[in-house]
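Chain order of the listed sequences is A and B. Per this note's numbering, residue 1 is the first one in the first sequence, and the count goes up by one each step. Per this note's numbering, residue 1 is the first one in the second sequence, and the count goes up by one each step.
Mixed in with the good hints, there may be bad ones.
Stated by the list, open to error - Chain A side only, calculated, beta carbon under 10 Å to chain B, not exhaustive: (1) Thr63; (2) Ser65; (3) Val67; (4) Thr321; (5) Asp343; (6) Ile356; (7) Val358; (8) Thr360; (9) Gly362; (10) Thr411.
Stated by the list, open to error - Chain B side only, calculated, beta carbon under 10 Å to chain A, not exhaustive: (11) Ala97; (12) Val115; (13) Val119; (14) Asp122; (15) Gly238; (16) Thr242; (17) Ser316; (18) Gly331; (19) Ile351; (20) Gln377; (21) Thr411.
Hints were generated in silico from the structure; no laboratory data involved. The C-beta atom is built at its ideal place from N, Cα and C for all residues, glycine as well.
Protein chains: 2
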Amino acid sequence: MSDGFFPSRWVERPGHVTTNTGGGLPAGFRAAATAAGLKPDRALDLGMLVCDAEEVSSAARFTRSGVLAAPVLVTRERTRLEGVRVVVANSGNANAATGRQGLDEAARVQGAAAVAAGVPADRVAVASTGVIGVPLDGRAIVTALARARTSLHSHGDEDFARAIMTTDAFEKRASLTVELPSGRVQLAAQAKGAGMIEPAFATMLCFVQTDAALEPEAADLLLGVCVKRSFDRISVDGQLSTNDTVILMCSGSSGVRIEPESEDELRFGEALDALLRMLALMIVRDGEGAKRVGRVVVRGDDGELVERAARAVANSPLVRTALHGADPNWGRIAQAVGGALRDSGPLALDIAIEGIQVCTHGAAAPHDEAALREAAQGTEIEYEVGLPAADPARPVETEVFFSDLGHEYVTINAEYTT
Amino acid sequence: MSDGFFPSRWVERPGHVTTNTGGGLPAGFRAAATAAGLKPDRALDLGMLVCDAEEVSSAARFTRSGVLAAPVLVTRERTRLEGVRVVVANSGNANAATGRQGLDEAARVQGAAAVAAGVPADRVAVASTGVIGVPLDGRAIVTALARARTSLHSHGDEDFARAIMTTDAFEKRASLTVELPSGRVQLAAQAKGAGMIEPAFATMLCFVQTDAALEPEAADLLLGVCVKRSFDRISVDGQLSTNDTVILMCSGSSGVRIEPESEDELRFGEALDALLRMLALMIVRDGEGAKRVGRVVVRGDDGELVERAARAVANSPLVRTALHGADPNWGRIAQAVGGALRDSGPLALDIAIEGIQVCTHGAAAPHDEAALREAAQGTEIEYEVGLPAADPARPVETEVFFSDLGHEYVTINAEYTT
Numbered sequence: 001m002s003d004g005f006f007p008s009r010w011v012e013r014p015g016h017v018t019t020n021t022g023g024g025l026p027a028g029f030r031a032a033a034t035a036a037g038l039k040p041d042r043a044l045d046l047g048m049l050v051c052d053a054e055e056v057s058s059a060a061r062f063t064r065s066g067v068l069a070a071p072v073l074v075t076r077e078r079t080r081l082e083g084v085r086v087v088v089a090n091s092g093n094a095n096a097a098t099g100r101q102g103l104d105e106a107a108r109v110q111g112a113a114a115v116a117a118g119v120p121a122d123r124v125a126v127a128s129t130g131v132i133g134v135p136l137d138g139r140a141i142v143t144a145l146a147r148a149r150t151s152l153h154s155h156g157d158e159d160f161a162r163a164i165m166t167t168d169a170f171e172k173r174a175s176l177t178v179e180l181p182s183g184r185v186q187l188a189a190q191a192k193g194a195g196m197i198e199p200a201f202a203t204m205l206c207f208v209q210t211d212a213a214l215e216p217e218a219a220d221l222l223l224g225v226c227v228k229r230s231f232d233r234i235s236v237d238g239q240l241s242t243n244d245t246v247i248l249m250c251s252g253s254s255g256v257r258i259e260p261e262s263e264d265e266l267r268f269g270e271a272l273d274a275l276l277r278m279l280a281l282m283i284v285r286d287g288e289g290a291k292r293v294g295r296v297v298v299r300g301d302d303g304e305l306v307e308r309a310a311r312a313v314a315n316s317p318l319v320r321t322a323l324h325g326a327d328p329n330w331g332r333i334a335q336a337v338g339g340a341l342r343d344s345g346p347l348a349l350d351i352a353i354e355g356i357q358v359c360t361h362g363a364a365a366p367h368d369e370a371a372l373r374e375a376a377q378g379t380e381i382e383y384e385v386g387l388p389a390a391d392p393a394r395p396v397e398t399e400v401f402f403s404d405l406g407h408e409y410v411t412i413n414a415e416y417t418t
Numbered sequence: 001m002s003d004g005f006f007p008s009r010w011v012e013r014p015g016h017v018t019t020n021t022g023g024g025l026p027a028g029f030r031a032a033a034t035a036a037g038l039k040p041d042r043a044l045d046l047g048m049l050v051c052d053a054e055e056v057s058s059a060a061r062f063t064r065s066g067v068l069a070a071p072v073l074v075t076r077e078r079t080r081l082e083g084v085r086v087v088v089a090n091s092g093n094a095n096a097a098t099g100r101q102g103l104d105e106a107a108r109v110q111g112a113a114a115v116a117a118g119v120p121a122d123r124v125a126v127a128s129t130g131v132i133g134v135p136l137d138g139r140a141i142v143t144a145l146a147r148a149r150t151s152l153h154s155h156g157d158e159d160f161a162r163a164i165m166t167t168d169a170f171e172k173r174a175s176l177t178v179e180l181p182s183g184r185v186q187l188a189a190q191a192k193g194a195g196m197i198e199p200a201f202a203t204m205l206c207f208v209q210t211d212a213a214l215e216p217e218a219a220d221l222l223l224g225v226c227v228k229r230s231f232d233r234i235s236v237d238g239q240l241s242t243n244d245t246v247i248l249m250c251s252g253s254s255g256v257r258i259e260p261e262s263e264d265e266l267r268f269g270e271a272l273d274a275l276l277r278m279l280a281l282m283i284v285r286d287g288e289g290a291k292r293v294g295r296v297v298v299r300g301d302d303g304e305l306v307e308r309a310a311r312a313v314a315n316s317p318l319v320r321t322a323l324h325g326a327d328p329n330w331g332r333i334a335q336a337v338g339g340a341l342r343d344s345g346p347l348a349l350d351i352a353i354e355g356i357q358v359c360t361h362g363a364a365a366p367h368d369e370a371a372l373r374e375a376a377q378g379t380e381i382e383y384e385v386g387l388p389a390a391d392p393a394r395p396v397e398t399e400v401f402f403s404d405l406g407h408e409y410v411t412i413n414a415e416y417t418t
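The shape of chain A in the complex, shown without the other chains (with noise of 0.2 Å):
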């Protein structure tokens, strides 16, 4: 893990913020993973994170599925989500669509998990990503983590991380230290995520520690602001999880205080704002198979329209298809617009790909063809658009990052069984 952490011309490094090569904890934290047995092969399936600071404070984010899964169900009513001293997430079983023994399994992991951090229940965060409709092993999860306990250090990062992969193609984490006005403090996270990703609010499974000390509001408001720049505007292939997940936990240990408002707040912000827009952006990069990313920005006056039709272009199979094959199609563009502001018509739309003016209120705009073909050669392709605006003087814009759609895809999303 280098500065290459940052290698999306999208995400910019702030210049107070470096890279941790080696990895590693903030002050106050220790994490272990082992195999219970979800998955196969004995791969690692159970990750544990214990701050061991008493006066943690924290913040959450859940899935807005209308399905929910247990583990969300638990940690969201039973956790003192200020305050959450434990993780405990597993892969290989999502523990969604399990019903009331699946809330019993997600309760019996998160009593198991504060009698062996020795910290109360409602201290323990749950959360659980695999197959959805599947009875949870509570018992083999118990099991392992008396192992893992046993194995907590503070470069358990590593191992917390890759026990949450599931399809993903690479691990997603970062260490960074972070220069403050007041001191220098360390942020960690460890993400997971590559298919059924279209987080709304809050997404898959993210995990941030920081040794900065914050008030669990200040906390919520970082984590919300953050999270709504970063995975809630991302998609993989339009589909929200039953289980997304996203903690912020502040051991304190660096012993610098952020106070809310002050200049500290605003560079940990974008500290944090840029870990987990990378980090978003790594999970649209893996995207079970994905070759090229797209960044749909789209202009108008009006911020529903403007959020529908970002959407539409981000989730539309005909757009992700033509940037698998470096096809600067647009007229793919305008078709997914048309259909997401239906009754609307005639749209007088500009589009712009990489900065190539394709269309001109509605009509194909005269444009160098060779030079649009090379441009849609790249891994990351930004398409532009305008919507007509009644009222230009209210200008609002958006943004969605997207995964193409290729046989990658099917061929994993055919083949991942029940």
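Following the hints, put chain B in place on chain A, whose structure we already have.
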């Protein structure tokens, strides 16, 4: 074309309807097709259909996309839709996102067809399908129309159907005999469509002819109802097209007059309904490489939620890849419904696949796994979803037919160039 025109268990052939194995148009209609050079290889790409009866009545439906193709705008605004006598339809170019010039070209085609057929321009409907954003060569069509005009004949429906195909893997047409209390009438239709399919009130291209006599109001009513139950209930890729057009023309040449609210109208409506539903299913079956067709039936007590859930299942790439892989992965059905009905959880869903109950009140239901796997191997798979109903006394139900998502779709769409 045999009675094999009704090969789906989801569309029954009404007892008073038989298939004309030799094809052919109803009395009063002639058609022809030619190669105008819009498609490579001099393939048929221009169809012309003429009604010789002056007392024709007709009705039409168009796409609701916000990005409307020039032929849709011209036909909707300049054609007497209750008295269409000529249809000119081309493939190879959608004439969409082509601006002022596109409108001029569509009008030029309309005018030339009027001259060729000897009718006023406002009796000509024009339709296009193919690539978006490329100027249409109207001059080539005008030249080709002169050729087409001389080869119009009563069995021109076969060539006409072929001329409107784009990525279609097979022809979609039918010629039926309908026995009504007042006499025998003929009913024929030619359709195209394989991708960019999620019609809203109308669809791709479909032209329907009958030699029955109907008032324009009755034709409009019948077409509206039948389109709602057919093209409006299918999705290949959730992508609403810029060019969808359906036109019903009634020559009256059989001498059989269908009075409003008569037994004749009821029977004729049943035949039209079966015809359009079967053509719609053929489009889903084609589905740019589709191997299996799904039908999702959602029941509940709120029409809007039921519709949203059904569309979400039909358009979910996860559900569609599972359908492709014959994988009865019902967790993805639950996920898709949950994603569509956000902030409403936890939802106590019921789910059945091919009549096998797999999820009851939101939790996995014990079932015969082997029987389920066996059932998932078929070419038509039925999914039933029950939403929790607060008011079971007012049940609502909807259905959507959809294509699977396989490698063929990706190959076709990653390589179909601008």
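Quick rundown of the hints versus the structure:
For Thr63(A), the shortest C-beta to C-beta distance to chain B is roughly 8 Å, which falls under 10 Å, so the interface hint holds. Satisfaction of the interface hint for Ser65(A) is found here, the shortest Cβ-Cβ separation to chain B being roughly 4 Å, below the 10 Å cut-off. The criterion of a C-beta within 10 Å of any C-beta in chain B is met by Val67(A), whose closest approach is roughly 3 Å, and the hint holds. Interface restraint check: Thr321(A) against chain B, minimum CB-CB distance 4 Å, threshold 10 Å, status holds.
For Asp343(A), the shortest C-beta to C-beta distance to chain B is roughly 5 Å, which falls under 10 Å, so the interface hint holds. Below 10 Å, beta-carbon pairs count as interface contacts, and Ile356(A) has none with chain B, the closest being about 13 Å; its hint is therefore violated. Taking 10 Å as the C-beta contact cut-off toward chain B, the hint placing Val358(A) at the interface holds, the least distance being around 7 Å. Hint status for Thr360(A) relative to chain B: holds, with the closest Cβ pair at about 8 Å, below 10 Å.
Residue-level restraint check for Gly362(A) holds (minimum Cβ-Cβ distance to chain B is 6 Å; threshold 10 Å). A least Cβ separation of about 8 Å between Thr411(A) and chain B falls short of the 10 Å threshold, and the interface hint therefore holds. Against a cut-off of 10 Å between C-beta atoms, the interface hint on Ala97(B) holds, since the closest Cβ of chain A lies about 5 Å away. At its closest, the beta carbon of Val115(B) sits 27 Å from a beta carbon of chain A; the interface hint therefore is violated under the 10 Å criterion.
Nearest Cβ of chain A to the Cβ of Val119(B): about 27 Å, over the 10 Å cut. The hint is violated. A cut of 10 Å between beta carbons decides the hint on Asp122(B): the least distance to chain A is about 20 Å, and the hint is violated. For Gly238(B), the interface hint holds, the least distance from its beta-carbon to any beta-carbon of chain A being 7 Å, beneath 10 Å. Restraint check, Thr242(B) versus chain A: the minimum CB separation of about 6 Å is within 10 Å; hint holds.
Against a cut-off of 10 Å between C-beta atoms, the interface hint on Ser316(B) holds, since the closest Cβ of chain A lies about 6 Å away. Evaluation of the Gly331(B) hint against chain A yields a held restraint, the C-beta minimum of about 3 Å falling below 10 Å. The restraint placing Ile351(B) at the interface with chain A holds, with a minimum CB-CB distance near 9 Å, inside the 10 Å limit. At a threshold of 10 Å, the smallest CB-CB gap from Gln377(B) to chain A is about 14 Å, leaving the interface hint violated.
Given hint, Thr411(B) at the interface with chain A, holds; its Cβ is 8 Å from that chain's nearest Cβ, closer than 10 Å.
In summary, the numbered hints that this structure violates are 6, 12, 13, 14 and 20.
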